[in-house]
Structures are given as structure tokens and as C-alpha cells.
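Visitor: If you read the sequences in order, they're chains S and H. For the first sequence, my numbering puts the final residue at 667, and the numbers step up evenly by one. For the second sequence, my numbering puts the final residue at 770, and the numbers step up evenly by one.
I should point out that these hints are in silico values taken from the structure, not numbers from a laboratory. Some clues are possibly wrong.
[Said to hold, decoys possible] Derived pair list, reagent style DSS-like, types lysine-lysine, alpha-carbon separation capped at 25 Å:
| hint | chain 1 | residue 1 | chain 2 | residue 2 |
| --- | --- | --- | --- | --- |
| 1 | H | K755 | S | K302 |
| 2 | H | K683 | S | K298 |
| 3 | S | K324 | S | K302 |
| 4 | H | K723 | S | K298 |
| 5 | H | K683 | H | K723 |
| 6 | S | K324 | S | K77 |
| 7 | H | K721 | S | K324 |
| 8 | S | K100 | S | K77 |
| 9 | H | K683 | H | K755 |
| 10 | S | K324 | H | K723 |
[Stated by the list, open to error] A short, non-exhaustive set of chain S residues, derived as facing chain H with CB atoms under 10 Å:
| hint | residue |
| --- | --- |
| 11 | A89 |
| 12 | I90 |
| 13 | S152 |
| 14 | L164 |
| 15 | V287 |
| 16 | G333 |
| 17 | V363 |
The C-beta atom is built at its ideal place from N, Cα and C for all residues, glycine as well.
Residue-level listing of the chains:
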Amino acid sequence: MTLKRIIIAATLTLSLAAAAFAEEPSKAPAPGAAPAMSAPAAPGAPAAATATNAVQSPDPASAATPTKQKRELKANKAITISMFAVIIAITMGVVVWAAKQTKTASDFYAAGGGITGTQNGWAIAGDYMSAASFLGISGLISLYGYDGFMYSVGWLVAYITVLLIVAEPCRNAGKYTLGDILSFRTSPKPVRAFAAISTVAVSTFYLTAQMVGAGKLMALLVGIPYKTSIIGVGILMVGYVVFGGMVATTWVQIIKAGLLMSGAALLSVLVMAKAGFNPIGFFSTIVASPDIQDHVSKLVLKEGVIMSGIDAGQRFLEPGLYLKNPLDQISLGMALVLGTAGMPHILMRFFTVPTAQAARKSVIIAMFIIGGFYVLTTLLGFGAAIHLTPQGITSVDPGGNMATLMLAQQMGADIAPVLGDLFLAFLCAVAFATILAVVSGLVLAASAAIAHDIYVNVIKDGHADQHEQVLAARIREPPGRRALAVLAQVQHGRRHLRPGGRHHRLHRTGDGLPQHDLPESGSCRRQEGRGRPGEEAGGTSGRCYSQREGHQGSRQGKGRRNAGRHLHDGTGEAALHAEKPGHRLHPAGLPGRHLRLPRLPEPALGRDVRRGLRPPEHRLGHGQGRRALIALSQTADKKAGEVFLPGLFAMHACQADDVDPALKTQK
Amino acid sequence: MAEKKYDWSAIARNPKFVELHHRKRAFLFGWWAFSCVYYFLLPIGAAYTPALFKVKVIGVLNFGYVFALSQFFVSWGIALYYAHIANKDFDRLTRELIDELHI
Numbered sequence: 001m002t003l004k005r006i007i008i009a010a011t012l013t014l015s016l017a018a019a020a021f022a023e024e025p026s027k028a029p030a031p032g033a034a035p036a037m038s039a040p041a042a043p044g045a046p047a048a049a050t051a052t053n054a055v056q057s058p059d060p061a062s063a064a065t066p067t068k069q070k071r072e073l074k075a076n077k078a079i080t081i082s083m084f085a086v087i088i089a090i091t092m093g094v095v096v097w098a099a100k101q102t103k104t105a106s107d108f109y110a111a112g113g114g115i116t117g118t119q120n121g122w123a124i125a126g127d128y129m130s131a132a133s134f135l136g137i138s139g140l141i142s143l144y145g146y147d148g149f150m151y152s153v154g155w156l157v158a159y160i161t162v163l164l165i166v167a168e169p170c171r172n173a174g175k176y177t178l179g180d181i182l183s184f185r186t187s188p189k190p191v192r193a194f195a196a197i198s199t200v201a202v203s204t205f206y207l208t209a210q211m212v213g214a215g216k217l218m219a220l221l222v223g224i225p226y227k228t229s230i231i232g233v234g235i236l237m238v239g240y241v242v243f244g245g246m247v248a249t250t251w252v253q254i255i256k257a258g259l260l261m262s263g264a265a266l267l268s269v270l271v272m273a274k275a276g277f278n279p280i281g282f283f284s285t286i287v288a289s290p291d292i293q294d295h296v297s298k299l300v301l302k303e304g305v306i307m308s309g310i311d312a313g314q315r316f317l318e319p320g321l322y323l324k325n326p327l328d329q330i331s332l333g334m335a336l337v338l339g340t341a342g343m344p345h346i347l348m349r350f351f352t353v354p355t356a357q358a359a360r361k362s363v364i365i366a367m368f369i370i371g372g373f374y375v376l377t378t379l380l381g382f383g384a385a386i387h388l389t390p391q392g393i394t395s396v397d398p399g400g401n402m403a404t405l406m407l408a409q410q411m412g413a414d415i416a417p418v419l420g421d422l423f424l425a426f427l428c429a430v431a432f433a434t435i436l437a438v439v440s441g442l443v444l445a446a447s448a449a450i451a452h453d454i455y456v457n458v459i460k461d462g463h464a465d466q467h468e469q470v471l472a473a474r475i476r477e478p479p480g481r482r483a484l485a486v487l488a489q490v491q492h493g494r495r496h497l498r499p500g501g502r503h504h505r506l507h508r509t510g511d512g513l514p515q516h517d518l519p520e521s522g523s524c525r526r527q528e529g530r531g532r533p534g535e536e537a538g539g540t541s542g543r544c545y546s547q548r549e550g551h552q553g554s555r556q557g558k559g560r561r562n563a564g565r566h567l568h569d570g571t572g573e574a575a576l577h578a579e580k581p582g583h584r585l586h587p588a589g590l591p592g593r594h595l596r597l598p599r600l601p602e603p604a605l606g607r608d609v610r611r612g613l614r615p616p617e618h619r620l621g622h623g624q625g626r627r628a629l630i631a632l633s634q635t636a637d638k639k640a641g642e643v644f645l646p647g648l649f650a651m652h653a654c655q656a657d658d659v660d661p662a663l664k665t666q667k
Numbered sequence: 668m669a670e671k672k673y674d675w676s677a678i679a680r681n682p683k684f685v686e687l688h689h690r691k692r693a694f695l696f697g698w699w700a701f702s703c704v705y706y707f708l709l710p711i712g713a714a715y716t717p718a719l720f721k722v723k724v725i726g727v728l729n730f731g732y733v734f735a736l737s738q739f740f741v742s743w744g745i746a747l748y749y750a751h752i753a754n755k756d757f758d759r760l761t762r763e764l765i766d767e768l769h770i
């Protein structure tokens, strides 16, 4: 349970930290925005500069039409809030459902490796398409035309790096976190610590931006105060992550990606319908729009270029309105292309699929979704520029972030006024879901780094060197077992029972004594299938197992089930037997023979277990191998099934099927 | 503890492994480099050859726009091609290697 507490604490801390950070920028633009209307653009922080730049242009325009200046985008509160409620209810339903599925640490961090390639593809897309893409990019396009579009290209191209360089090695070497991959062949402790710190740092910054987005969106749309909405989002995301883990997060992402795509597609169809489904005509309208021409004239006037009419309209489709310095563009491109491949919540998604093939497939699916989305975004951005005019957009939000939402309202209202409100409410809810989903993905990644890397492997793990890792690998824990290994460290003081895996064999031989140890369990596994040698070395055996699945025919998605089955082979029964410290152990198939295992001194290593009742765990070193074994023996909590933590899954799995009746009655 | 030892250096010398490793590396880094170069042509081109980007290709659409749009299709193309090659060649080679090593 300690691990759960750590995760809860980490999640809370992160959300609080993000909320605290998020407070800052809310104040900065607020006083800045009003005076900026008249003040000349003063170079300052990039964000402020963007805001002032954008604000400048509507200045004279709003002077001409003063009514426009105070325009606000107001959603119909009743409809919007009920939409929000529906989205929250759906996602919460998913969380409740997922909480029932989530029993082990592997489930918690990596959905037990049971996510299919297609599902993961949607989830990656969901993770990636943040509010920045949905609202920000289309806003940029609506204000700066071509540069906004060019901006969005990098977001997709980045996935080539992810696909070719990162995805498969990630899945093969990683377990739950970035630290797992990096410490695969290096000195685990410092590398893990730094990987975890980097993950937390990246997540925190990303999180802050998302939280600010959530707060502003809510404040702007439904009038929920900034602070309240940030706290609300924080609570929701903690709920998703703590109770649902990776399974819930994945499904929240999938739902959100689906909603986002359908929203964007619907809006694009409406926009294109107005243009008579003629793309060329659509772009001609942009060039010919007097409002856009006017807007561009003012943008280029700042650089001392005088331009008007069709030329200015055409200029909207040419580069250089937003990213003026060549180095800006190149630096942005590098950040996008290389940065994406390092985002912890994206990398983490590759730990959820059973095979390298599934990882590959998921990236490709994600690429099509993301690419399609950005192509649609272009239509939305240009559509907003045509139908709302850049002046209208900046009068609501100088950064243009409300362009999509305004467009939704306008397009809907053109059909029927109620439809406008409804459509706006729908897109608001989608944007909200987007933020929630991205935020929970980030929080999950960060809490995995804290709990798994820092706590389990750095603080609690002395020295898991390569040798021990190989040993651990040879036991080849399926995900469930691996989970136990994680918990084992947490339940440090409670090691005294015999490693459960042994029971399996005990049961067969019936002599009540452990009859096999590591080598056998290794060979046992080998009968079932072969893993790849590379994986064997890294303590990633659970993955090996499913990797093999993939090789012998792409039965993706069965990894989880197989893992579960495997669990029964070796460890499940054990888990069932394990009781609380000092409780009696009842070896399978030997009713009446109760063994009480002594609590052994920790350094009793290297003894032969067969000589006594000494748990084989003590024969191993301090590393993962030992932990894995210890783990098998722990798993004690009777209430286990209710919580997500380790062992408990094993119990559950055993209860579900193939458990020896003798074992069951014993319970 | 009769642990199964893998002779890593033997595996590393195995011609099948060498071939797999070489082909994978050449393919992955080659296409990655290509996609990077192709992508960076966009910001660099937009910054340093604005005249080229202004050339109208279809109606009011200029070369820059078409080029940016082509990035999407090139990316999808690379992705599909990689999936094709990986499923056809790399996975097969990996399977053969594993069978040969009896692991």
C-alpha cells in the first residue's frame, strides 16, 4: 500500500505544484492585456510579445468599431456545463471500470502490456494533440496564415523520429519508465535518478501550460473562476491517475482523441461546405478577403513594408508573418522534431503494447490521426480567418486561441442559433477533455518516475547490477510477477514466506519442500516460448514473453491474457498462499501440514534452499532477481482484490480460473 | 544454479545478427536522416528562399504551401514503407536468428 500512497502523494504534489505555477501566468497577462491595447509593442517575454503583437492590429480596427472591442465569447452555461458533466461522467465511468481491471503495478504503469496497437495509436494521438494543437495552432493559422501551418508540420514529422528511432527499442527495453530504458545497459542508480528528474521536470512544465490552458478556457467560456477550474482539473486528474492508472488514462485518451477528431472533422465539413467543397476556391476567398488583407497590411507595416489589396491577401499564404527570424523557424523545427521523441508521456505509451510490432503499428496509426488532424486544423484556421476575420478573433483573445471555438459557434449559429451554442459547448467539452487527458498522461508519467525510478530503484534498491538483472530476467516474471517485485521493495520488512512460484511445483511433487529453483523456473519458461536474447539480459522478461507472441504471428492484444495465464503457471498459486507476516503457510496439496517459515536474517545468501525451508530469495543478491522472488512471497493482503496493487492481481487471476480446489478451500 | 548463459559475443558475431543489425541501422538512420533533411528544407527554405515559396502553383496556392502539405504525405509514406519493410524483412530475420540460436 505504501506504493499507492507514494503515487497519490506524488500526484497530488505534482498537481499542486502545477497549480501553483499556473497561478503566475494568470496574473501576468491579465494586467498586461488591457494596457497592451494602447501601448506600443514592447519587447518582453516571448508570450507577452506575442500577445502585444497580436493586440496591436485590432487597435485601430476596434477604434473604428468600438462595439467590437469588448467582445467576448460566451457559451451557453447550461448547455456547456451539462456537456462537461457528460464528458466527466463518461471518463469517470471509464476510471471506475479501469480501477477494477487494475490490480498490479504493471497494470497501473503500463496497462499490463495489454493495449493493442490500434488502441495505443489512438491513445498516442490523444496524448499528443493537446489543447495547444487544437486551439493554439488553428488560432495561429487564423492570424498568421502560412506560418501557423508550417508550425503544425513539425508536430507530425516528429513522429518519424519516434517511429524509426524510439518506439521499438522503447518497448523492448522499457518496463514502466524512461529510467528503465536508460539503465538497461548503464549504471542504474544515477541514470535512473536523472531520468526521473528529467521526466518530472518535463512533465511539470508541460503540465503547467496545460493547467493554465484549462483555467483560462474555463474562465473565458463558462465564467468559472481561474483558480476553481485549476483545482477542479487537478482533482479530476488525480482521480484518473490514482484510481485508474494506465488503463483509465489510455481510455480517456482514446475517447478524447475520438471526440477531438470528430469535432475537427465536423467543423471542417461545415467550413468546406461554405466554400462549396472547393479547396482552390477556399484559398481564393482568403486572398480576396478585405479583412484579411487589412490585417496583413498592418502586420507587414510594422516592418516598414507597405502592402495592400490582393498582394496583402496573398502574403497571408506566404511565410514570415509570425516566425520572422530564420533561426526561430529552425530552432522551432528542431525542438519539435527532436523534442517529441523525448516526451515522457509519449514514451510511456510504448510500454503498454505487447509486441514491437504493436508499437510500430501504434505509431503509424497515431501518425495518420495526428496528420489528418493537422490538415483539418488548417481548414479550421483559414476558415476562422475568413468567417470571423482576424480582427474579430483578436478582439476576443489576442493570441487567437479562441478561434476554433468561435468558429464552431458561428458555423452552428449559421444553421440554427441553438446549434451554435450546442456546437460551441461540444467543442469546449472536447477541449476540456483534451486537457484532462493530456494532464493525466503527464501526471502518470511523472508519478511513475517518482515511484518506480526514484523510490523503488534508487532509494530502496541497493545494487541491482547486470548479473542480478540477468538473473531476474531468467525468472521471467510476467507482468503480474513484476508488479510483485516492485512491491517487494516497499514491503521490505515483510519477507519471510516462501516464494510462491515454488508452490506450483510443490503441488506437483507433493513433498512439501521446494523442489526447484531458478534454473528450473527458467527452463520452465523456455518451454513455453523463446524470448529474444537482448531482452533476456535486462530484466524485462515479462515483455519477452509477449514479444515472442508477436513473433509467432501477430496475436497482439493477447499479451495480457497470456501473461495472466503464465502467472498461473508459476506464481499465481503462490500469491494465493502467501499470507500476512507470521501467518501459516499451507503448501498446496498437503492439507494439514502447516509450515511456519522463520523470519530469516537478510544476508543469508547463497544457501541451498533445498536443505531447508529457507526461501530461495535469500540465495540471490540484492537485485531484481531477489526482489522478484521476495515479491512472490509477499502479496499478502486479503483485501487485495480491491486495490490496484500487486499480488492482488495474482490473487484475482487465480480466483478466476485454474486454481487447485485445495487452494481455494484453504482460503 | 545452472543458469542459462548466452554467449553474447557469439551472437554478436553471428552473420545473421550482423546482417540484421546492419540492415536495420542503415534503414532506420538513413530514412530518419532523409526525413530530417526533408523537413528542415521547409523552415530553411521559408526563411532563406522566400521567392521560391511565393511561386504560385495551383491557383493562389504557392509552392511553399504545397511543399508544407507534401511533408504530411512524405511522412506517411515513410511510415508505411517502414512498416512494410519491418514486417517483411526485419521480423523475418529476427525470427530466423532466434531459431538458429535455439533460444
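Visitor: Would you pick out the hints that fail for this structure and give their numbers low to high?
Guide: 1, 2, 5, 6, 8, 11 and 12
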